[in-house]
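J.: Protein chains in written order, with full-length UniProt numbering: chain A, 1 to 242; chain B, 1 to 242.
Please note that a few of the clues may not be correct.
Note that identical chains are pooled: a pair holds if it fits in a single copy or bridges any two copies.
[What the hints assert, rightly or not] Below 25 Å or equal to it, Euclidean Cα-Cα: the simulated SDA-like pairs (lysine to any residue) are:
1. 19 - 151
2. 19 - 169
3. 19 - 218
4. 139 - 161
5. 19 - 81
6. 139 - 77
7. 139 - 78
8. 139 - 114
9. 19 - 51
10. 19 - 82
11. 139 - 20
12. 19 - 80
13. 19 - 73
14. 19 - 158
15. 19 - 87
16. 139 - 36
17. 19 - 124
18. 19 - 71
Honestly, the hints are just simulated from the structure, not real lab data.
Protein chains: 2
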Amino acid sequence: MASDQPEHIVRSYEEELRKLRDMVARMGGFAERQVHDATQALLRRDAVLADQVASRDNVLDQLEREIDTFVVRLLALRQPMAADLRFIVAAMKVSHDLERVGDYARNAARRAIVLAQQPSLGSLNGFQRMSVLVQENLKLAIDALVNEDADAASRVWAADEPIDNVYNGIFRELLTHMMEDPRNITAAIHMLFIAKNLERIGDHATNIAETVHFAVRGASLPEERPKADASAYAVVRPPEQG
Amino acid sequence: MASDQPEHIVRSYEEELRKLRDMVARMGGFAERQVHDATQALLRRDAVLADQVASRDNVLDQLEREIDTFVVRLLALRQPMAADLRFIVAAMKVSHDLERVGDYARNAARRAIVLAQQPSLGSLNGFQRMSVLVQENLKLAIDALVNEDADAASRVWAADEPIDNVYNGIFRELLTHMMEDPRNITAAIHMLFIAKNLERIGDHATNIAETVHFAVRGASLPEERPKADASAYAVVRPPEQG
């Protein structure tokens, strides 16, 4: 805060940083809500809600564009330095992650529309649990950005493993359903992709946490993080052939 | 180019912009190669190549971090304006997309390792075709950034539809295999996810094109783009029950 700057300019810069913080927090909240509603649509077989989620996705696209424009303007007019600069750059990267989160929620919602018309298949508890975990991580990651809290970011970054474990459980259960009866396959495939969407949303929460850590500390987290998703290696045998 | 700046400073700034361009081009080339090699590993059932792809992914993570650090330094020291500023911001966003592309290629490669040990299932022509199309789009999108060519970016943005069509064909074929024989399910699921990975990589090429268009023109492309992926709505019936 250089003393030769008129105070109203300084205040206005602080206000702009606060506005950027608010924009990202709002976008994060909206993304969380999309994840929440997409999951509720699946659990309640509610095609109307699913359709609303899909049609609301453009709000996130619009918010990302607003943040981009705001950031470019802020960089040009304010020429921020050091921690402010890293925060501003992080805000833009995070908005990009949130836009992707929205894409996954929309994709899950579209599949929930199809599933609402299919016979139901097994328990959806795993989906409920995964959804709560990824929403929580998203919220914590965005809070870490808004509060510039590197320790909170590190905790989110390390908290992805339970999500992967639930995903692996869902994956195996769905494969079993598919092998038992080919009539389950269409529904199971859609559910598998929804589970994958939730898992990817969890990955984006982790990405956001990495970005926040870099922004606050000016240094990266270690390259490898705990990762329990073993489904890419999974081989499940069909039941005995009759 | 203010005349009161010593010329070596001006040249050095141009050099830095060129260096950033080179870094992104290099990262783009590496991401394309990862997509290429992951697909080759699938087609040739080559687990060794697949393993190389998976273990090389950290190169992209490292390049993204280098670009981030370089951009933050450039913004702080050079305080670029207008088109330069938009280009620099775009380079950072694009590197984030390329890191995600790498994640998808790695995931595809891991699945190719499993598939190399499974009986083969139908034709892989669709995968070959999809992979060529997404690599082409990635290359064109990165070229558009490097050449600051908004028209080229618009063309990439509109060229996603053929990729989605190939994906839809693969999706239906794999579902048919699964319904015919439950012993096909494990392999088919892995192939389905690989096809989805390639489709997502195509989405990222489209994202990059949008970013480039915004950087060059300072204005966004329209919100809705041509989209032919109907698989989220797909219902495929099992064959007649005997």
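J.: Between copies, within a copy, both or neither: which fits residue 19 and residue 51 at Cα up to 25 Å?
T.: neither (31 Å within a copy, 46 Å between copies)
J.: Up to 25 Å between alpha-carbons, please classify residue 19 paired with residue 87: within, between, both or neither.
T.: For residue 19 and residue 87, both the intra-copy (13 Å) and inter-copy (24 Å) Cα distances are at most 25 Å.
J.: If the cut is 25 Å between Cα atoms, do residue 19 and residue 71 qualify within a copy, between copies, both or neither?
T.: Both: 11 Å inside a chain and 23 Å across chains, each within 25 Å.
J.: Checking an output row: residue 19 and residue 169, CA cutoff 25 Å. Within, between, both or neither?
T.: neither (41 Å within a copy, 46 Å between copies)
J.: Within, between, both or neither: how does the pair residue 139, residue 78 come out at a Cα-Cα threshold of 25 Å?
T.: Answer is neither; intra-copy 29 Å and inter-copy 35 Å both fail.
J.: Give the relationship of residue 19 and residue 80 under a CA distance limit of 25 Å: within one copy only, between copies only, both, or neither.
T.: both (15 Å within a copy, 22 Å between copies)
J.: If the cut is 25 Å between Cα atoms, do residue 19 and residue 151 qualify within a copy, between copies, both or neither?
T.: Within. Shortest intra-copy distance 24 Å satisfies the 25 Å Cα cut-off; inter-copy 34 Å does not.
J.: With identical chains, the pair residue 139 and residue 161 could be close in the same copy or across copies; at 25 Å between alpha carbons, which is it: within, between, both, or neither?
T.: within (17 Å within a copy, 34 Å between copies)
J.: Reference check for the pair residue 139 and residue 114, CA-CA at most 25 Å: within, between, both, or neither?
T.: neither (29 Å within a copy, 35 Å between copies)
J.: Are the CA atoms of residue 19 and residue 81 at most 25 Å apart within a copy, between copies, both, or neither?
T.: both (18 Å within a copy, 22 Å between copies)
J.: Quick one: residue 139 to residue 77, C-alpha cut-off 25 Å, is that within a copy, between copies, both, or neither?
T.: This pair counts as neither: shortest intra-copy Cα distance 30 Å, inter-copy 33 Å.
J.: Taking 25 Å as the upper bound on the Cα-Cα distance, should residue 139 and residue 20 be classified as within, between, both, or neither?
T.: within (17 Å within a copy, 33 Å between copies)
Taken one by one, the earlier hints fail for this structure at numbers 2, 6, 7, 8, 9, 14 and 17, listed in ascending order.
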